[in-house]
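**Student:** Quick note, the sequences are listed as chains A and R, same order. So for the first sequence, the numbering used here puts the first residue at 1; every next one is plus one. So for the second sequence, the numbering used here puts the first residue at 1001; every next one is plus one.
Just so you know, the hints here were simulated from the structure itself, not pulled from any lab data. Please note: incorrect hints may appear among the correct ones.
[To be verified] Okay, derived cross-link-like pairs now, SDA-like style, lysine to any residue, Cα gap no bigger than 20 angstroms in a straight line:
(1) LYS152(A) to GLY1046(R)
(2) LYS1250(R) to LYS162(A)
(3) LYS162(A) to GLY1037(R)
(4) LYS48(A) to THR1138(R)
(5) LYS34(A) to GLU1153(R)
(6) LYS1048(R) to HIS20(A)
(7) LYS104(A) to THR1138(R)
(8) LYS1048(R) to ASN199(A)
(9) LYS28(A) to LYS162(A)
(10) LYS1152(R) to LYS162(A)
(11) LYS1154(R) to GLY46(A)
(12) LYS250(A) to ARG1007(R)
(13) LYS152(A) to LYS1048(R)
(14) LYS1034(R) to THR249(A)
(15) LYS1250(R) to ILE27(A)
In this text the structure is predicted, and so the values were computed from the model without any measurement.
Number of protein chains: 2
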Amino acid sequence: MDKNKYREISELGEFGLINHLTEGIQIKQKSTIKGVGDDAAVLDFGNKQIVVTTDLLLEGIHFNLIYTPLKHLGYKAVVVNLSDVYSMNAIPKQITVSIGVSGKFTVEHLEDLYEGIKLACDKYNVDLVGGDTSSSLTGMIISITAIGEVEKEKVTYRSTAKKNDVVCVTGNLGAAYMGLQLLEREKEVFKSTKGAQPNLEGYDYILQRQLKPEARKDIIELLNEINVVPTAMIDISDGLSSEMLHICTKSGVGCKIFQEKIPIDLNTEQMAREFNLEPLIAALNGGEDYELLFTIDIADFEKIKAQPLIHPIGHIADIDLGALLITQSGQSIELQAQGWNPMKAK
Amino acid sequence: MDKNKYREISELGEFGLINHLTEGIQIKQKSTIKGVGDDAAVLDFGNKQIVVTTDLLLEGIHFNLIYTPLKHLGYKAVVVNLSDVYSMNAIPKQITVSIGVSGKFTVEHLEDLYEGIKLACDKYNVDLVGGDTSSSLTGMIISITAIGEVEKEKVTYRSTAKKNDVVCVTGNLGAAYMGLQLLEREKEVFKSTKGAQPNLEGYDYILQRQLKPEARKDIIELLNEINVVPTAMIDISDGLSSEMLHICTKSGVGCKIFQEKIPIDLNTEQMAREFNLEPLIAALNGGEDYELLFTIDIADFEKIKAQPLIHPIGHIADIDLGALLITQSGQSIELQAQGWNPMKAK
């Protein structure tokens, strides 16, 4: 891009910038009465219950701009929040976006970021209804709040799994983690070998899982269609072990998970082998898959067993049993939370 | 405080930290079905409309920890968001809080911050229902989202002022700005004179307006009691000029504001004189007063004219007139937005 075309953010000012970035936004949701442009957005959900979730993403902690295109970053920042709404069995309707940027960013950078944000809004049919922009002393800061609606009887918490429920997981696990390992490796090669170009060919699937993940809108719609309300649900942002333990702790139950049932994609397996890593470890402890982990009443098992996107991986047990992984050789291992801890990243 | 008592944030981990900081929180609002502790909060507003607003506060840009106690900062961060809810003529009910902190902060620092956050929640009767904590590479980041409810017929936008409406402002203006000037002056003295202690005695009022502002819950309750729905409303975060221009631009109208009617506290005047500054300038362009600026139908004038906290300062006019300040000597001056621009602060 022609360097002369870059515009300093200060040229537009705060209001000019937010107007520029949000112009052309069309309201899609009936529940959005007033979007961007006043002190607050105004929403109307009639008699539905509302879910609200918020996330703070910081450059250098949650994302690395060396290998994350801004458009993908904007898309992913929205998706991770929507995933939290879906994991309550709710449908996301609105988001607000606040951005802080340091002097190294131009209007064009923010346009790229917002392009990704708007793309996610279109794909998931949500309205961008508010937010602000500000300068920061260092790096980029993204704070997103997502709002969704749900019928009262369908809200699904983490804390309501019960003995004998079937534990299910969607899609496959560990791919986003292997994508991150690949990006980190190529970054190191790039830094240490002058002129080396990253070798990312043939790795599209795991890269996409890391850089442009999707939230499981399809699963929530499917569960609604086949008339299944999970007894408990959570999205997998920190790895299967960590999320399973959340459900067990909050619900006051134990569980048995069977290794052979855990879905792992062939691409993930291949990449793990290349890194001399057990694919199971990536599935259990790798984060950012944004798949759904849920429990269903055993009476609903017939309804899900032929669904190709839903995998039964075990069942809920007494709390005294603990949270166990049963290996292919029949050993019992305690699940441990080794998910990514952003308070330890430094 | 005993240095040995400080705890590293990483000792607690992310979940431990957020549990520690939010423990003991009692749900106060009927509309809060589920607060902290799941993927998202769950709210139920029945048939009310909902307002949502969000703000990102960054160390070094929006606040300076050299002279801002963390407890006050937490309190203020909540209040500025609630002020946006009130300015829609709505009642705030819930907030979410996300915090990013660098290695220089300890658990005790965050406890102080949350003490202020909880104090504001108690005072304004709102529930803290979600959020997260994360490490940051530099400084402190606070992102707050506030949610409120309002009857459909009472929502008050910026864009609906009409010709002949009376322009009103609450409380008094410019005090928070003079408080900031005082703090900046004492910071410079402190930095340049070894051992000098800040001289803040006798300045309690303007310091409180800067460090621990309040949102105008009382005014919204009063307007409701005396049965006045403003035709337009905004809160004063960037100075009277800037906010008045927002109402005029969004409503497609002009206005006449009379200098002699603008309420300025005696403490603000004295401090301005000490700085050789015209008090009017502090009132017009100083930010962070969090008073309300609103317009009412002339038919409602009788209802507000005896209210000591509400000051009529002018009226709405044709757009062709522009937005004018009429000085005490009868001169007309165009209002100009010179409020604080966080995109230019650096």
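**Student:** Tell me the hint numbers this structure goes against, listed in increasing order.
**Tutor:** Numbers 2, 4, 6, 8, 9, 10 and 12, in rising order.
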